[in-house]
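So the sequence lines, in the order shown, correspond to chains A and B. Its first residue numbered 1, the first sequence is counted upward by one per residue in the numbering used here. Its first residue numbered 1, the second sequence is counted upward by one per residue in the numbering used here.
It should be emphasised that the hints constitute simulated quantities derived from the structure, not laboratory data. The structure displayed is predicted, hence computed values, not measured ones. Each hint should be verified, as a subset may be incorrect.
Here are the simulated distance ranges between beta carbons [claimed, not checked]:
1) A:GLY58 with B:LEU91: 42 to 48 Å
2) A:THR39 with B:ASP121: 54 to 60 Å
3) B:VAL85 with A:GLU110: 21 to 27 Å
4) B:GLY14 with A:LEU147: 53 to 59 Å
5) A:GLY135 with B:ILE143: 17 to 23 Å
Examples of chain B residues toward chain A, derived with CB under 8 Å [unchecked claim]:
6) LEU39
7) SER96
8) LYS157
9) PHE161
10) PHE164
11) ASP165
12) LEU167
13) ALA170
14) SER172
15) GLY173
16) MET224
Even glycine gets a Cβ: it sits at the ideal position worked out from N, Cα and C.
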Amino acid sequence: MNLRDFMVDRTASAPADGHATESLVRTTDGPSVALHGVTAGYGRRTALTDVDLTVEQGSLLAVIGPNGAGKSTLLKLIAGLIRPLSGQITVLGGPPGSAARSIAYLPQAEAVDWEFPVTVREVVTMGRYARLGFGRQPGPTDRERVLAALETVGMADAVDRQIGALSGGQRRRVFLARAIAADPELYLLDEPVTGVDARTQEDLMDVLEAEARAGKTVVATTHDLICAAQRFHQAALLNGRLIAQGSAELVLDEKLLSETYGGHVLVLPGGGERMVLDDAHHHDEAPGERHYHDESR
Amino acid sequence: MDPIAFLVDPMSYGFMQRGLIAALIVGVVCAVMGTFVVLKGLAFIGDAVSHAAFPGLVIAYIIGAPLYIGGAVAAVATALAIGLVTRRSRLRFDTSVGVLFAGTFAFGVMLFSTIEGYVADLLGYLLGNVLGIGVGDLIQVAILGAVVLAIVLAIRKELLFATFDPLGAAASGLPVARLEYLLLALLGVTIVVSIQAVGIIMVVAMLVTPAATAQLLVIRFGRMMAVGVALAAVSAVLGLYLSFYLNLASGASIVLVETVLFVIALVVGPKTGLLSRAARRAPLAPS
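Only chain B is shown next, with the shape it has when bound in the complex:
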């Protein structure tokens, strides 16, 4: 097959064009936020917030409101609630997250079961389908993604300081607590934006995997973010082509490409790569 046609043909379909743009936006925004998620250890929070968006989506569906708004309200509220509970309660943080996580999702499932008939729209949100995204949704994704990126890039040095050394940052006068809440709110928005693409269950992979891969490869914060973004973009494109030609689920394809890249970095990466470690050990071996 002609390689150019191989690349160009899928793009003759409107759904592939929209899907690719959406997947790129989601991948890039998730990778940028994911840098903080990985460095602050917020992966579990990300998973919890994405599940917590479900009741918001169901309620929005029932009352006929835009689904994005419902999901965003639920996700941001949960993210902030987790921040509050973690700061104020004496429970371990993963315990309080676990409680909120399961509780909110159960609430969503319960509401879902009260809806009569088969609701394909809502089920789609569980696993995601970026190829089914409409023009209106794509515009929403683009605007929300741009807002998140603009805010994070504008205050990236403050977020870096507060993430790396919260005490030192607070002592120098940075509003560390407010920055943390802002980061959680942005995380909530990011997750809702991403749910249509990869679904509630796999959003956490979009957040964590590219940034984690990047951390294996570079030693600078700015580069970790840049490499994470590049990995996410490559994964979005590759994943969608795989999905198109092999007729696979689009969200799962993107996540699997990201996972494969992670495994490659884990094995051959310069910093923590298993191969480079073995190579460093080899000269010391007695035989």
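Bound-form chain A, shown alone:
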């Protein structure tokens, strides 16, 4: 059985009449994000080739793949931070960047200067800036939103601390609060749960799940296959091209993962529940563990 049969390709039916609205509730029908035949890269290096991807409104989608698979590139394309070399992208009914105020983008933790003199409150308030417009300073509504967002991620007690004084998990919580404070339709999160403790991971996924239930669309890259399998509704496997997209349960399949990770997938027999790991040290496996190699290579 070819699991790619489960892939939903509704890209062709993406609405052409979609338009970005200023209102908080999106009124256009159709998918939140649609990529059609998208190729992208930096300089002479191609990071993504011929990607077709559709993300329905209210999705909680994990983008999975090894380092250099183009996961961050995919998010940057959707955010309008880079342009594709070819192909079409529709985001919230318009070209990328046209609905920027309705998008919250979370950069990778490594992309942030943690010595920067900003407090938690200042960082989360940045989420309000795009809505405020040039030259206008945050008002009472903005302050309320900021505090509410910090409550949501459990960081309300840390408002006046410098971000650099926080732990890795707390920093991710604060950045997610910034995204929430922006009140977006679409969350684009680059490694939101990488390098955080288990408790933070669960809390952040609870928040994202609630946002998806409220009709927001969440696209997050992750290295954590267990988290993707257990907490995300959908998954897209990426390795320079799209290997598969569909329900997380179906797509996180041994064969497809092997194809994505070039054969380096370790399958652990767990009591009834199968666990799949992105295995960086597959030569050190304990006896009894099965190491999968893709014969087609």
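Position chain B against the provided structure of chain A, taking the given hints into account.
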């Protein structure tokens, strides 16, 4: 000596009044811009742009145009060129800056060597002399300084977001690239305004030192800017009095006061102070 007379006497001289006002304006504008220079890591660009102003000054001198205009055109053009080269070329950023930096300054020196006779005006720009500033120049400094301050304060929250998290800011719809070019252009103007006070060679200290000292002391962006401004103002006043009483070069005196304050903050500062670190370590010591 009567302490009041000690403070008031120098101000009976017109050159000291003008010098103090100019030094305060330059110090404040540099500290505000310096906050971004320090946080964005633009110190080297600042140094390059100030050297690049030199050929502009020389050309303006040769063709008889106002020196400020010549310097400003060269400085802003270089600042924008650096921005463009950094964004577009595959060279490392410090490499492209180094090339432009030395090349433009050499061009200025070459032009300078073609001028016959001794040109005190132009040499003054290398080391600066805030006490030699005239009323006309002071008005120019005040107007340009006010323009830079007004623009930066009006869009400070956008500049903060774009500096702290360029990707997040761009994704939320802020024109990050344009903000960066604007910041570089303002940097060019700031540097030209400051050159008469402290000279081409030391402008970078005015930009970097107060803001760097402030970063050692506070954890908020707004306070870092405010503390930097306060430090720059104190340094301007102290430096000029030192210069007056000890007969020292004015620009160098201001920069040295700023440097001393930096060293003090480095040693006793609450955040990164060497003393407070030692104090934190002490209770853990076994003996």
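Status of each hint after checking the structure:
1. Take A:GLY58 and B:LEU91: their Cβ atoms lie about 46 Å apart, and the range 42 to 48 Å holds.
2. For A:THR39 and B:ASP121, the Cβ-Cβ distance of about 58 Å falls inside the hinted range of 54 to 60 Å, so the restraint holds.
3. Distance hint for B:VAL85 and A:GLU110: a CB-CB separation of about 25 Å, consistent with the stated range 21 to 27 Å.
4. Range check, B:GLY14 to A:LEU147: about 54 Å between beta-carbon atoms, so the 53 to 59 Å window is met.
5. A hinted range of 17 to 23 Å for the beta carbons of A:GLY135 and B:ILE143 is consistent with their spacing of about 21 Å.
6. For B:LEU39, the interface hint holds, the least distance from its beta-carbon to any beta-carbon of chain A being 6 Å, beneath 8 Å.
7. Evaluation of the B:SER96 hint against chain A yields a violated restraint, the C-beta minimum of about 16 Å exceeding 8 Å.
8. Interface hint status for B:LYS157: upheld, as the beta-carbon distance to the closest one in chain A is roughly 6 Å, under 8 Å.
9. With a cut of 8 Å, the hint placing B:PHE161 at the interface with chain A holds, because the nearest CB-to-CB distance is about 5 Å.
10. The restraint placing B:PHE164 at the interface with chain A holds, with a minimum CB-CB distance near 5 Å, inside the 8 Å limit.
11. For B:ASP165, the interface hint holds, the least distance from its beta-carbon to any beta-carbon of chain A being 6 Å, beneath 8 Å.
12. The criterion of a C-beta within 8 Å of any C-beta in chain A is met by B:LEU167, whose closest approach is roughly 5 Å, and the hint holds.
13. Taking 8 Å as the C-beta contact cut-off toward chain A, the hint placing B:ALA170 at the interface holds, the least distance being around 6 Å.
14. A distance limit of 8 Å between C-beta atoms decides the matter here; for B:SER172 the minimum to chain A is near 4 Å, and the interface restraint holds.
15. With a least beta-carbon distance of about 3 Å to chain A, the hint placing B:GLY173 at the interface is held under the 8 Å criterion.
16. Among the interface hints, the one on B:MET224 holds; its C-beta lies about 5 Å from the nearest C-beta in chain A, closer than the 8 Å criterion.
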